[in-house]
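If you read the protein sequences in the order shown, they are chains A and H.
According to the numbering used here, the residues represented by the first sequence are 1 to 247, in order.
According to the numbering used here, the residues represented by the second sequence are 248 to 1241, in order.
Think of the hints as simulated: they come from the structure by calculation, not from any bench.
Beta carbons: idealized from backbone N, C-alpha and C, even for Gly.
Honestly, I wouldn't trust all of these hints.
[Claimed, not checked] A partial selection of chain H residues facing chain A, derived with a Cβ cut-off under 10 Å:
{"hint": "1", "residue": "269"}
{"hint": "2", "residue": "272"}
{"hint": "3", "residue": "487"}
{"hint": "4", "residue": "1040"}
{"hint": "5", "residue": "1042"}
{"hint": "6", "residue": "1044"}
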Amino acid sequence: MDLVSDQGLRIDGRRPKELRKIRCKLGVFAQPEGSAYLEQGNTKVLAAVYGPHQVRNRSKALHDAAVVNCQYSMATFSTFERKRRPRGDIKSTEMTLHLKQAMQASIKTELYPYSQIDIYLEVLQADGGNYCACVNAATLALVDAGIPLKEYVIGCTASLGNGDVPLIDVSHLEETMGGSNLTVAVLPLSGQIAVLEMSQKFHVDHLSLVLNEALDGCRRIYEILNDTVKNHLSEIGAISGWGKSDL
Amino acid sequence: MLTSKTFLRKTKRGNVLKIVREHYLRDDIGCGSKVCKKCAILVEEQEAVLDDQLPDALSKAYKNPHYLIVDTNVVLHQIDVLEADVLCNVIILQTVLEEVKHRSSTIYKRLKDIINDKRRKFYVFVNEHHKDTYLEREAGETANDRNDRAIRVAVKWYDLHLSASQAHVSAKKRIRIVLLTDDAANCEKATKEGLFAASVEDYVCCLKDSKGLEDKISRSESHFDEGSKEIFPCHLTPVQIHDGVKSGKLLQGSFQASRENFLEGQVSVESFEKPILVQGYDGLNRAVDGDVVAVELLPEDQWSAPSEIVLQNDEVEDEEEIVEKVLKVETKQEKTPTGKIVGIIRRKWRQYCGILQHNALQNTTRHIFVPAERKIPKIRIETRQAPTLMEKRIIVAIDSWSRYSRYPSGHFVRALGKIGDKETENEVLLLEHDVPHSRFSEKVLSFLPKLPWIITDEDVAKRTDLRHLDVCSVDPPGCTDIDDALHCFQKPNGNYEVGVHIADVSHFIRPGTALDDEAALRATTVYLVDKRIDMVPDLLSSNLCSLKGGEERFAFSCVWELTPNAQIVGTRFHKSIIRSRAALTYEEAQLIIDDDKQQTSVAKSLRGLNKLAKVLKKRRIENGALVLASPEIRFYIDSETHDPIEVQAKQIRETNSMVEEFMLLANISVAEKIFAEFPEHAILRRHPIPPPSNFEPLVKAANYLGFEMNTNSNKELAESLDAAVKEGNAYFNTMLRILATRCMLQAVYFSSGVVTKEDFYHYGLAVPIYTHFTSPIRRYADILVHRLLAACIGADVTYPDLLDKKKMNNICHNLNYRNRMAQYAGRASVALHTHIFFREKVQNEEGYVLFVRKNALQILIPKYGLEGTLYLYPPKGMKQEVSFVYNEENHTQSYKNIVFHMFDPVTVQLTLDRSNIQHEKLVFKLVKPFIPNFSVSSIDEESKENVTRVEENVSEECGDKAGTSRNPVVLQQMKRKDEDFRSKDSSRKKKHKK
Ligand SMILES: [Zn+2]
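So here's chain A without its partners, still in its complex pose (with noise of 0.2 Å):
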């Protein structure tokens, strides 16, 4: 089945290269350091961040840099058919060492040795691009925490309908109908990816017009997170008053 009509148009009515809604808000919770609620389409994640503190188990901890600990769980509603999900199962723990990876290209870790700092990410509804929805979300509540990043850690995920047309934020359906995807995590502003990974082999005359497109992607979707964290910081800032003290 075609991924794209001929009218040009994706199965939910987007255009090949439109983003799905994204609509994410800071400071869900009180307890962690920074927190964070993202949806991307109808996929939603929770993000909290606890730390920087002492590491946990103190062989593991680094004389030069933070340790960065994930923490990556699907609820049981969060698909079709619920589930039970342990955790520590293969898939997850694979997502966990792929979010560390993208988390500490971001994170400034070399200004905390020997303390840790935890990630703790909840996908309440998945629907296609889960990993991204967790990286996007995770900076958000790092950002919260006031965690110094180098930048941004932004992900995407993008794939190829009707064989050559390349398609953005790839939704769970188009992932099951479609063939091989691609995500990334990215430092948008440097470019740098942390990580990239494929579903399956893409031919090479297709990846670089896939990986392209994700970047792209990524590049989006940091306008929008940047812009929301000012809005938030801009709130918070009126009822702080700017910090001064004195109200």
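Dock chain H with the ligand against chain A, hints included.
Frame of chain A, contents of chain H with the ligand only:
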């Protein structure tokens, strides 16, 4: 820009799941009309296809200029009306498009073709994603009602939207929308809402100039059947069928009508080894050949056996009587599972070629259409053009089949041409076999190289220059698409270097171009007796790719070093440039080999090849390769009338087999190479081992004459066939081989990623791996193989689709389908020419009994490769003094002391019976052995009463599986296509000879 909306969907996948999908509604979808200024700026890529200047008052009913919107059922049932050029400026809603896509893929494809035709001005409006036209399904509303409402909402939106842009135009001149729907309730609702709506019939009848469009309307059932009595039982409802199939009470399968008996057929059900027999009006219950049906198995005591009676609905007979006759058929034969069809799951109706039946009534518009394909029932149509259509071959589509009507009702689609015209008959043949044969489009031709074509230095640098080699080609006379050439010389070390050079078609046909798509669609060149339907345009097939003598050409070369014992020492592949020294015919090559005085390098080369080929062939046969040869026929065609003037068996020379051996060797070498490099993506060809039960007829037939057939393996079968030689019947062995060929399965292309390695085996050739590399001019599979091989040796790069095994496997399916159809078309063409040859002729011929049937003998005429059923019982209503006795055990027919066994020689007289214009048939009369009052003397015309009817089967074989083919000519073609045995038969090349 985006508004997002979620909706719920329930699906049953074991559990009921709540599925939430996003559905984006947009404000950037244009209306597609040139009248509208607003949408023009919205999206630049969207062209406005709908005209702003419409011809005034097309219709008597609707004075406004208007666009049409059609509902789903109009598309599904009136596609022939839509295909007619009369209707332009039509809006297809996405709601309709998607429903059509789900309901019928063939109609969806036809609709898409119309939409893509720029002249027709069809515009697809994506109403489901437009913010103003999207609708939620309301509580209690069915999906159909919701869609009807969505269509009405879209019509209303258009009316409003367009009137906003036409504020300056008076209301009477404004462009409006007319909704075409055959659903009366919907039509009424639309009218109430102030919209223009009409049924297709009403609309077309009001057109000022309909150009015969009325004939193409598919009319509702009731139209024909006022007050008739019911003939068929009711069909079950889809829900009942679904439940019945689920509970196992009903079985789902595809229906195949019998071509010999129009009241009999069978349903192939997956879970059943044997097909289920269905008989009579009740049993068949309006199923048409190919339909997917629900069948109910009858209790075992009501089981029946296939009637061995040939029953054709040729003449208008008393049908009640026929029914009775069919049902009371008593046979001692084994009863088979019998059932009755209770419902239709999916119709596989298509368009059918045929003629109008002569109608005694003058001035009636109702006529009976007789399809050429005997498996298809007659069809009732309405047409005002009957007088002009009577002498023509026409195309008709089925619309419906009511319980009250013996025949389905349909409508006229188009006329092909005069009956009996060779052009018309060829057209029929190509259509019936789904052979794409339109001229190559401008777009396709635009990808051809520009002339003059020259070889540049760049080309030389990239290729191995083999112009110094003494290459030559060997083909049948008159061959213009030469795709292979050979060379051979003895090296100083005593070994031979042998090269096979194949036309480098993939150099000219680049992946993804329109030229490539067209070739992939056509899949193969189709050879009719007097016509070739090329897979690639003539410039390539007969010129730039053809390895003509003396011309420099690009080739893909496979070069071996062989020991004198034909063992391969080394293999090289390279893209090359060659210059063929001579394009020889088999005969010329043979003469050169045989003439010792000739000592040119070409002559030496040919002798070397010939010597090695003999070794190769011997080894191949020792390995168990089958020789399923049969005589080949060739038509000599009058150069002016293009009618065949002589038919002759073709001679097979040593050189045929010489070329064949090296082509096989090249194919095997290439198969090994591409499979090693692309284990998941190689395009290969396999010939499955036939199941033992397939051999039963062969084993039985041989047993009657005291020969043992060992069918455990191809080697043993080959040995048994070799041993089965009967003194005094030289043709006996050939007949056995003909029977053996019918036991075979069809060889197929496949992608190596989807089949396990054990199944790669090629049974006929007895090789573990095989492919097609040697005929890229006329086979698309070879082009793919060339591309793979080029990628292996770094001469070219792969492209995405080539490494997508799913896509490649789909392409293989198409190749297999087209190959089969090409074979059938070739056979049908031979049959057609055989008929033309026998017009105005009476001839005595030697023949053999191939089968003994209950009421007939199956006769084979080797000279013409013809086979026919010789009825021993008189035609219905006739008396015959001679009555034969059928012995079921020994399979003999006898009259007094004359006994007919299988394989017995007979002499028959051939004439053409042209009384049925659509099915001209060859009539054979028995000459020898002479039976008084039955046989004819060799010259006398006998009175009609005593004529023994023999029907020549060829034309009906077309739809049949090759495994049960009855025409030996076919064998030759199958051999060529499947096995690359290399004997390009007569039908392939035009031969003009006075
Ligand atoms: Zn508009």
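To see whether the hints hold, each was checked on the structure:
For residue 269 of chain H, the interface hint holds, since its Cβ comes within 10 Å of a Cβ in chain A; the closest pair sits about 5 Å apart. Given hint, residue 272 of chain H at the interface with chain A, holds; its Cβ is 7 Å from that chain's nearest Cβ, closer than 10 Å. With 10 Å as the threshold, the beta carbon of residue 487 of chain H stays out of range of chain A, its nearest partner Cβ sitting at about 30 Å, so the hint is violated. For residue 1040 of chain H, the shortest C-beta to C-beta distance to chain A is roughly 18 Å, which exceeds 10 Å, and the interface hint is violated.
Given hint, residue 1042 of chain H at the interface with chain A, is violated; its Cβ is 17 Å from that chain's nearest Cβ, farther than 10 Å. This hint holds: residue 1044 of chain H has a C-beta 8 Å from the nearest C-beta of chain A, less than the 10 Å allowed.
Hint compliance for this structure: hints 3, 4, 5 are not met, and every other hint is.
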